[in-house]
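Novice: Listed here are the chains, written in short residue letters.
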Amino acid sequence: MNLNTDAEKKNTYDAIVVGTGISGGWAAKELTEKGLKTLVLERGRMVKHPDYPTATKDPWDLPYAGSPTREDLKQQAVQARTGYTVRQDTKHWFVNDLENPYTEIKRFDWMRGYHVGGRSIMWGRQSYRWSEMDFEANAKDGIAVDWPIRYKDLEPWYDYVESFVGVSGNKDGLAQLPDGKFLPPMELNCVEQDLKKKVADKFAGRTVTIGRTANATAPLGHSPQRGTCQYRNLCSRGCPYGGYFSSVSSTLPAAEKTGNMTLRPNSIVYEVIYDEQKGKATGVRVLDAESGEQVEFFARVIFLCASTFGSTFIMQNSVSNRFPNGFGNDSGELGCNIMDHHLSVGAAASVEGFEDQYYFGRRANGMYIPRYRNVGKDKRDYLRGFGYQGGASRQGWTNLVAELSLGADLKQTVSKPGAWTIGMGGFGEILPYHENRVFINKDKKDKYGLPTLTFDADLKDNEYKMRKDMASDAAEMLEAAGYKNVHTFDNKIGIGLGIHEMGTARMGKDPKTSVLNKYNQVHACKNVFVTDGSAMTSAACQNPSLTYMALTARAVDYAVSEMKKQNV
Amino acid sequence: MDRREALKRTAWLMGGVVSAPAIMGVLKGCAAKPSVDWKPAFLSNEQATLITQVSEIIIPKTDTPGAKEAGVPQFIDLMLKDVYTKDDQDRFTNGMKAFDDKAKETYGDPFVELDAEQQTEFVKQVHDDAIKAERGDNRPEKRPFILMAKELTMLGFFTSEPGATLVLQYEAVPGSYKGCIPVSEAGSGRTWAT
Numbered sequence: 000m001n002l003n004t005d006a007e008k009k010n011t012y013d014a015i016v017v018g019t020g021i022s023g024g025w026a027a028k029e030l031t032e033k034g035l036k037t038l039v040l041e042r043g044r045m046v047k048h049p050d051y052p053t054a055t056k057d058p059w060d061l062p063y064a065g066s067p068t069r070e071d072l073k074q075q076a077v078q079a080r081t082g083y084t085v086r087q088d089t090k091h092w093f094v095n096d097l098e099n100p101y102t103e104i105k106r107f108d109w110m111r112g113y114h115v116g117g118r119s120i121m122w123g124r125q126s127y128r129w130s131e132m133d134f135e136a137n138a139k140d141g142i143a144v145d146w147p148i149r150y151k152d153l154e155p156w157y158d159y160v161e162s163f164v165g166v167s168g169n170k171d172g173l174a175q176l177p178d179g180k181f182l183p184p185m186e187l188n189c190v191e192q193d194l195k196k197k198v199a200d201k202f203a204g205r206t207v208t209i210g211r212t213a214n215a216t217a218p219l220g221h222s223p224q225r226g227t228c229q230y231r232n233l234c235s236r237g238c239p240y241g242g243y244f245s246s247v248s249s250t251l252p253a254a255e256k257t258g259n260m261t262l263r264p265n266s267i268v269y270e271v272i273y274d275e276q277k278g279k280a281t282g283v284r285v286l287d288a289e290s291g292e293q294v295e296f297f298a299r300v301i302f303l304c305a306s307t308f309g310s311t312f313i314m315q316n317s318v319s320n321r322f323p324n325g326f327g328n329d330s331g332e333l334g335c336n337i338m339d340h341h342l343s344v345g346a347a348a349s350v351e352g353f354e355d356q357y358y359f360g361r362r363a364n365g366m367y368i369p370r371y372r373n374v375g376k377d378k379r380d381y382l383r384g385f386g387y388q389g390g391a392s393r394q395g396w397t398n399l400v401a402e403l404s405l406g407a408d409l410k411q412t413v414s415k416p417g418a419w420t421i422g423m424g425g426f427g428e429i430l431p432y433h434e435n436r437v438f439i440n441k442d443k444k445d446k447y448g449l450p451t452l453t454f455d456a457d458l459k460d461n462e463y464k465m466r467k468d469m470a471s472d473a474a475e476m477l478e479a480a481g482y483k484n485v486h487t488f489d490n491k492i493g494i495g496l497g498i499h500e501m502g503t504a505r506m507g508k509d510p511k512t513s514v515l516n517k518y519n520q521v522h523a524c525k526n527v528f529v530t531d532g533s534a535m536t537s538a539a540c541q542n543p544s545l546t547y548m549a550l551t552a553r554a555v556d557y558a559v560s561e562m563k564k565q566n567v
Numbered sequence: 000m001d002r003r004e005a006l007k008r009t010a011w012l013m014g015g016v017v018s019a020p021a022i023m024g025v026l027k028g029c030a031a032k033p034s035v036d037w038k039p040a041f042l043s044n045e046q047a048t049l050i051t052q053v054s055e056i057i058i059p060k061t062d063t064p065g066a067k068e069a070g071v072p073q074f075i076d077l078m079l080k081d082v083y084t085k086d087d088q089d090r091f092t093n094g095m096k097a098f099d100d101k102a103k104e105t106y107g108d109p110f111v112e113l114d115a116e117q118q119t120e121f122v123k124q125v126h127d128d129a130i131k132a133e134r135g136d137n138r139p140e141k142r143p144f145i146l147m148a149k150e151l152t153m154l155g156f157f158t159s160e161p162g163a164t165l166v167l168q169y170e171a172v173p174g175s176y177k178g179c180i181p182v183s184e185a186g187s188g189r190t191w192a193t
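Sequence lines, in order, name chains A and B. For the first sequence, numbering that gives the first Met the number 0 begins at 0 and goes up steadily by one. For the second sequence, numbering that gives the first Met the number 0 begins at 0 and goes up steadily by one.
What the hints contain is simulated information worked out from the structure, not anything from laboratory work. You may find that some hints are simply not true.
If you want a taste of the chain A side facing chain B, the calculated C-beta under 10 Å gives, among others [stated by the list, open to error]:
id: 1; residue: P58
id: 2; residue: L61
id: 3; residue: P67
id: 4; residue: T68
id: 5; residue: L187
id: 6; residue: R231
id: 7; residue: I272
id: 8; residue: Q276
id: 9; residue: E351
id: 10; residue: G352
id: 11; residue: E354
id: 12; residue: Y357
id: 13; residue: N364
id: 14; residue: L399
id: 15; residue: K410
Here are a few chain A residues that face chain B, going by a calculated C-beta distance under 7 Å [said to hold, decoys possible]:
id: 16; residue: Y63
id: 17; residue: W156
id: 18; residue: F202
id: 19; residue: Q293
id: 20; residue: E295
id: 21; residue: F297
id: 22; residue: F353
id: 23; residue: W396
id: 24; residue: N398
id: 25; residue: A418
Note that the structure is a prediction, hence the values are computed from the model and not measured. Idealized CB from N, CA, C, for every residue including glycine.
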């Protein structure tokens, strides 16, 4: 109970942030820069820029040419489902699945890493704004609940976070993909430029452009520890040049500079402490991952930024008389409405010609085709839409395995750049379905003795109809461009494979049908804010991290102004 | 000294002349068996020797290093041991045995005892047949030994330092990105290793 002991005082802060990923890093920066003494809790180990163990390894420095061993695949069987996460240079950033199990009623792919920085170290860095169309979608379609905000509410915050993050992009002038505060765009290569021209000629309303990526193509004066992108394309190892945005390279150093941050890694938050008499949360309960000790920390305001399922777990695990169904769960929507982007569908082709053309440097970015389906007058037999990410390149040695070339001739042939190929894969919006849900399983414990999560979610009719277009539209564009051997692909996936999971503590106008209000504040408990992907009311098709950052910065601004007014 | 010289001296020591055919027979018998000078972790010494020779035929030393100098045999051994599934390990070693049996059938001797010309000719034959089979109607579900060897050799070689830097080209820190330039302006104009 609350005895005013010295120990309690020592553990009391103005604010607590749970999680140090994309949203937690921003909460830490914003709260500390506004003068709040902030405890930042991370369940995983410490990581400090520029200590990235594999960052500068050359190909010959990695055992097995980087391939995962049988033992790696045993320990990280789920993390390996992407095909690219469990390699010798990145496997240490992803969880051991045997130590961090979960239950999947239908296939569910939960990809994560537990360390300071979270997935902001390994993320794909694609950074797109949502448009008005995205915020209005649920209301217009009569689906789920309406967003309690619109684009104009978030626009100044997109400006704000983009300027700090450093997003390289091109002003494309498209209503469905608002332009941002960009650093210079990266170049499309010769074949991508060819596709761009041909798509502009033959497909009204479709645009091929360069991706918008959180890589610095120009210096960021406000962050001296940030360098510029060196075009090594090894970002997911962590970048000692500070070439891309992560919590570790960007927001946490800013928070540290204020002197107001206490960063405590190896701190697994498993409960929000709710004081029923005061009608507010007073702190969090932490399990120390190293000592096994249970500690309580206290604060006036709490930001849950532990990732969608991380924060949802904490809330579901925080049961009290006031909240018998999980903290903040008056609506029954906590844990429901799991969304993601469905992917692994598109097309590829061979490209003849361009034999004398090549590129220098390894671009940490690809081409992007913004959503055009169900935009303007276009009407399909499904709701919402998808964008494409992809690129062109010249083949290397891998294609020569199946050729007759051998010996000295093989060495000669392989040293000349091979034929061009091009491909694109769609990122499709998944609708919010109440029954796509996650819940606590007390029968299965993790290595710390904490209950685990069970997932019950799958794609439905709208998504499968959309996938047909995602494959055939891509093929159609490649065919129209005159490319050869055009072939589609559409692979069986689990929700979660997009690694854009969201929706399980959604924002809404009505506390009866949502968990958070328009400022990411828990309807039922005003001093707790949730600003990671769990807050999302719909999924759009744009990569969501930039939106999480904007929501977080806006929520902190609101929280602090409310604190000043003594409302929180 | 070479073997003929050694044998002449032996004959002299033994006080007689050794006939030519006999010389050939004894030469073979006395020849030091080819072997590897490192301890394989998965393959037997004989298997490691065979794959060393096969991989060097696939990627030979020219004016740039070949598979052996680039450490490819050791790489193959480790890949089999730690990365390949049991089924794929078996496919490789059983396939290697079948390969060797076929060499014996064709030339009368195990593969590692054939001369360089015979080995190259045999590898090319087996390799070309496998490629044709892959392109044909009865394409095997899984690749045979010779193509597994080729895959591993190429993977090991083009991720090795000599392979990546001397046969292909590699820039550890490019520093800039130029998307659309002539091949002649893209570094040395060779294929990028990564």
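Novice: Which hints, by number, does the structure contradict?
Specialist: 7, 8, 9, 10, 17, 18, 19, 20, 21, 22, 24 and 25
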